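Asker: Each chain, letter by letter, is given below.
There are 6 protein chains.
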Amino acid sequence: MWVYEKKLQYPVNVSRKNVHLAKWIITQYGGPDGELAASLRYLNQRYSMPTERGKATLNDIGTEELAHLEIVGTLVYKLTKDATVAELKAAGLGGHYADHDRALFYVDANGHPWTAEYIQAKGDPIADLLENMAVEQKARATYNWLINLSDDPQVTDVLRFLREREVVHFQRFGETLNYIQEFMDSKKCF
Amino acid sequence: MWVYEKKLQYPVNVSRKNVHLAKWIITQYGGPDGELAASLRYLNQRYSMPTERGKATLNDIGTEELAHLEIVGTLVYKLTKDATVAELKAAGLGGHYADHDRALFYVDANGHPWTAEYIQAKGDPIADLLENMAVEQKARATYNWLINLSDDPQVTDVLRFLREREVVHFQRFGETLNYIQEFMDSKKCF
Amino acid sequence: MWVYEKKLQYPVNVSRKNVHLAKWIITQYGGPDGELAASLRYLNQRYSMPTERGKATLNDIGTEELAHLEIVGTLVYKLTKDATVAELKAAGLGGHYADHDRALFYVDANGHPWTAEYIQAKGDPIADLLENMAVEQKARATYNWLINLSDDPQVTDVLRFLREREVVHFQRFGETLNYIQEFMDSKKCF
Amino acid sequence: MWVYEKKLQYPVNVSRKNVHLAKWIITQYGGPDGELAASLRYLNQRYSMPTERGKATLNDIGTEELAHLEIVGTLVYKLTKDATVAELKAAGLGGHYADHDRALFYVDANGHPWTAEYIQAKGDPIADLLENMAVEQKARATYNWLINLSDDPQVTDVLRFLREREVVHFQRFGETLNYIQEFMDSKKCF
Amino acid sequence: MWVYEKKLQYPVNVSRKNVHLAKWIITQYGGPDGELAASLRYLNQRYSMPTERGKATLNDIGTEELAHLEIVGTLVYKLTKDATVAELKAAGLGGHYADHDRALFYVDANGHPWTAEYIQAKGDPIADLLENMAVEQKARATYNWLINLSDDPQVTDVLRFLREREVVHFQRFGETLNYIQEFMDSKKCF
Amino acid sequence: MWVYEKKLQYPVNVSRKNVHLAKWIITQYGGPDGELAASLRYLNQRYSMPTERGKATLNDIGTEELAHLEIVGTLVYKLTKDATVAELKAAGLGGHYADHDRALFYVDANGHPWTAEYIQAKGDPIADLLENMAVEQKARATYNWLINLSDDPQVTDVLRFLREREVVHFQRFGETLNYIQEFMDSKKCF
Chain A
133 MWVYEKKLQY PVNVSRKNVH LAKWIITQYG GPDGELAASL RYLNQRYSMP TERGKATLND
193 IGTEELAHLE IVGTLVYKLT KDATVAELKA AGLGGHYADH DRALFYVDAN GHPWTAEYIQ
253 AKGDPIADLL ENMAVEQKAR ATYNWLINLS DDPQVTDVLR FLREREVVHF QRFGETLNYI
313 QEFMDSKKCF
Chain B
133 MWVYEKKLQY PVNVSRKNVH LAKWIITQYG GPDGELAASL RYLNQRYSMP TERGKATLND
193 IGTEELAHLE IVGTLVYKLT KDATVAELKA AGLGGHYADH DRALFYVDAN GHPWTAEYIQ
253 AKGDPIADLL ENMAVEQKAR ATYNWLINLS DDPQVTDVLR FLREREVVHF QRFGETLNYI
313 QEFMDSKKCF
Chain C
133 MWVYEKKLQY PVNVSRKNVH LAKWIITQYG GPDGELAASL RYLNQRYSMP TERGKATLND
193 IGTEELAHLE IVGTLVYKLT KDATVAELKA AGLGGHYADH DRALFYVDAN GHPWTAEYIQ
253 AKGDPIADLL ENMAVEQKAR ATYNWLINLS DDPQVTDVLR FLREREVVHF QRFGETLNYI
313 QEFMDSKKCF
Chain D
133 MWVYEKKLQY PVNVSRKNVH LAKWIITQYG GPDGELAASL RYLNQRYSMP TERGKATLND
193 IGTEELAHLE IVGTLVYKLT KDATVAELKA AGLGGHYADH DRALFYVDAN GHPWTAEYIQ
253 AKGDPIADLL ENMAVEQKAR ATYNWLINLS DDPQVTDVLR FLREREVVHF QRFGETLNYI
313 QEFMDSKKCF
Chain E
133 MWVYEKKLQY PVNVSRKNVH LAKWIITQYG GPDGELAASL RYLNQRYSMP TERGKATLND
193 IGTEELAHLE IVGTLVYKLT KDATVAELKA AGLGGHYADH DRALFYVDAN GHPWTAEYIQ
253 AKGDPIADLL ENMAVEQKAR ATYNWLINLS DDPQVTDVLR FLREREVVHF QRFGETLNYI
313 QEFMDSKKCF
Chain F
133 MWVYEKKLQY PVNVSRKNVH LAKWIITQYG GPDGELAASL RYLNQRYSMP TERGKATLND
193 IGTEELAHLE IVGTLVYKLT KDATVAELKA AGLGGHYADH DRALFYVDAN GHPWTAEYIQ
253 AKGDPIADLL ENMAVEQKAR ATYNWLINLS DDPQVTDVLR FLREREVVHF QRFGETLNYI
313 QEFMDSKKCF
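Chains as they are written, first to last, in our numbering: chain A, 133 to 322; chain B, 133 to 322; chain C, 133 to 322; chain D, 133 to 322; chain E, 133 to 322; chain F, 133 to 322.
If you're looking for bench data, these hints aren't it; they were derived computationally from the structure.
Predicted model, so just to flag it, every value in this text is computed and none were measured.
Even for Gly, the Cβ is constructed at its ideal location relative to N, Cα and C.
Check each hint, because a few of them may be wrong.
What the hints assert, rightly or not - Partial pick of chain E residues on the chain F-facing surface, computed with a CB cut under 8 Å:
#1 M133
#2 V135
#3 E137
#4 Y179
#5 L198
#6 D233
#7 R234
#8 F237
#9 T247
#10 G255
Said to hold, decoys possible - PhoX-like cross-link-like pairs, simulated, lysine-lysine; straight-line CA separation at most 25 Å:
#11 C/K210 with D/K319
#12 D/K221 with B/K213
#13 A/K138 with A/K213
Use the sequences and the hints to build the structure in full.
Answerer: As structure tokens, this is what we get:
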């Protein structure tokens, strides 16, 4: 189980409201390679990892991605909470406003809702860990594109932090893959 | 952010492997009115609640539903982890095995993947809280039907605990709705 | 069965073509809390209501929501039928035009198609009626946001009528919930 | 708008409860080529037909398909309403029971929810009418396969009636296509 | 099996980068009536056609639609590959950029991903061939609307070629329908 | 463009009709990690690979996966084409029969339709190639589970061939990843 600690893993400041930027960043909240997808993927795969160390790694990173989801949600919320209806219209978010006002929702930048079809769990630790390494690279790429879209240095700073964490996770999954492969070879179960 | 505490909110024991039962219970893991839907709904709605107390209630219950998600996942995993391929075939889970082995996945009992289309956030606290009250009743109903399907008293015991918690959440959302309505009347903002 | 009566439940006039406004209003045609969702939900739940009076209420309101679907469709159609291709492009409806010309379609304001995942039927009348009360509040909220987006007083008048009806339905579902709870208590079947 | 008339377009009798049969027939309630898909498709296409006669045909048939939806719903409900939990389990409907009890839902025979992705409206009357002719043939084929699956003569009788109506609709759409093509040639607008 | 031949079925030239146009044309890549839908539909239906000639027609056209998919993909890619981030933002493709950079993806003009729910196979050759005739008309209509949206004569030339091919396919499916109906009458198997 | 060569890449023989086995194998036709997903993913990613060699590798493997799609389709078709309605019912394929007769369809083993949400293209060659390596491992895992489910040695032989090819593709993508990383380092463009 999880205990909530009332702080963000990394401070979120924004220079000003910025509805366009929020519209794009939301894909890391509810899009195909975003933080929700990462967290739910790893927490779900925990059960079928063959060793305690493997389970613990997935649990740690899955829990950290929940914190990242909260960071991205806070970013989007701060960028939009004071927007006028006219500003939402102008940024192409009239449709979001019609259904959700300024509330968050688990969608990509086109308003497409999140689906578990984005993720996978094969019961095969090699396949799952490679999937996770790919996911971290895809998330890194998304943060790259978001940084290119950003015109707010304070937002960019948060995006850089999140991108850096994906690189760290990529390396941890790589190490776990090596370790699990050795374990499975020694067990002759693969 | 969340800190993981290595225990379940409620102990999960099963009398024996029971693949059929797991196939149905999984809907509270990844189905339309299950624990994932509840947790993600409340944690997402936090941002647009108009008072700190409202945000805190959603945060508390959203966090508890994450613990329930873990309980349901553990139930399903314990009921299936030692199943043979023949047993999975016989229970109509050959399809799940082909794509996921004995891993968990966020699906309903027919293998339909979870989608954010199941949930909503309107930016209107009255609408959101009534949605949440309805959700808790729908989850209660699902636990009723699962209890009727269960032939394992230890599993039934866990399902009863989870059903009870939904009733408690229903009441807390009802109280929050009353309080928020008073707050909004006093603010004349609704 | 239903008999078509060639009139609208409420007259639909628009001041001028207005493609932007149509793009947002369409969510009450084919979006998550729109009239299609409401009508199909209630007509489907009829079968499992435990009393004739409960069935009749769902049937009445479900049939009225079909009339509202027609009102919303007529609104959208009148706002767009004479639009030029250039106007559709400018309003961000080039994509709708490419696939549907100026025809209607059951989508939300982002072009996301309607799905039955938006609705539910639990076979539990308490849960279903609370779901319906929540739905009416969510529809009311959407009409609020659409009224804020509207710059055409004649359209606003229609949206106000539809919002008012949702409030009436909310109250009728509330009364039905009370009555059904009494009935079930007296039957000791709940 | 529509007025409800409290009768079925065709009487629905079933010889006995028959959960397996209901599981398959439900696809004509909420599946890809079922009555919901037909009704919503035609009622939606009305707006962009170029003549009053074309609009009226779509309106008539769309309204009749609503009556067919009710017939199919009544069939499914009568076949399942008295089923025990054990019977639902045995027919592979444990998953449906877990989420919906014995309530109806807009799904195909595998429990896949209905989506507007099944239907289309192109704003081009030739394309739309040919789509509708194809739809009627697809519905006819589904009724063929359902008749082959049926082991209840009373149910088969209803399925035959519904199949017959699809053939009649196919012919009416064919006549409408001819008429509209002549109209458009004379208008030189196509 | 298929052998790749390194040429396009029809040359693709564009006058200049044109991000808006690409955004709309992509629906024929991954939208409901696009080339992917056509190709996958026909190649899948091959198996259940009752004669070799029927199978061959579906195989031929299905293979040609793959070539068209490549033409459309090349169009979209040439129109966007040199776009700046600012140009993508301005064309409403900031969301596409955030998730895919300038890569192609199987989506419609609103970013909605392709799904097999768009297509059908009934095992009934009459129904399948009528579906295919309707599909070709729907694709023709989409090309009409895209030609109306196009402001690049070289792109329009390619779109006209593709539209022309849909008309030819429509005729071939019509001939196949006649031939199959005769075959089935003579076999008395329908 | 592609030219069809009328042979299978690998011969497909089956010992006898075997509806259960077909029901599971179909996930490699239209499921999340199947041959359709692989082929469409690679052919789509071609455009944004930075070198001709990278494009060619994706094109080759994407084209080969089309051949595998045909092999899997042929397997499923041969295993089911002579099945009686009673046999389809008994294997839990009554629902497939109701909508598709014995035709193929792009679904997973639970009848869930294929969607482009399963795949990705990031415009970042490192991310795309790692995704592809993960995909090949996931396909390998699925073939493992299908081989465990198979009770027909001739079918197992085909599944082994397909699994072997996934391993080869995994290695080719690994080599391509190394080569592209060197290229990008030398270009200093990453």
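Asker: All the hints need checking, so say for each whether the structure fits it.
Answerer: Each hint, compared with the structure:
Restraint check, E/M133 versus chain F: the minimum CB separation of about 4 Å is within 8 Å; hint holds. The beta carbon of E/V135 is positioned within 8 Å of a beta carbon in chain F (closest approach about 5 Å), and the interface hint is therefore held. Below 8 Å, beta-carbon pairs count as interface contacts, and E/E137 has one with chain F at about 5 Å; its hint therefore holds. Because the beta carbon of E/Y179 sits about 5 Å from the nearest beta carbon in chain F, less than 8 Å, this interface hint is met.
Given hint, E/L198 at the interface with chain F, holds; its Cβ is 5 Å from that chain's nearest Cβ, closer than 8 Å. Hint status for E/D233 relative to chain F: holds, with the closest Cβ pair at about 2 Å, below 8 Å. Interface restraint check: E/R234 against chain F, minimum CB-CB distance 6 Å, threshold 8 Å, status holds. Nearest Cβ of chain F to the Cβ of E/F237: about 6 Å, under the 8 Å cut. The hint holds.
At about 4 Å, the closest approach between the beta carbon of E/T247 and any beta carbon in chain F falls short of 8 Å, and the interface hint on this residue holds. Among the interface hints, the one on E/G255 holds; its C-beta lies about 2 Å from the nearest C-beta in chain F, closer than the 8 Å criterion. For the suggested pair C/K210 and D/K319, the alpha carbons sit about 23 Å apart, so the restraint of at most 25 Å is met. Distance hint between D/K221 and B/K213 is fulfilled; the C-alpha atoms sit about 22 Å from each other, no more than 25 Å.
Distance check on the hinted pair: A/K138 and A/K213 sit about 20 Å apart at the alpha-carbon level, within 25 Å; holds.
Going through the hint list in order, the structure satisfies each hint without exception.
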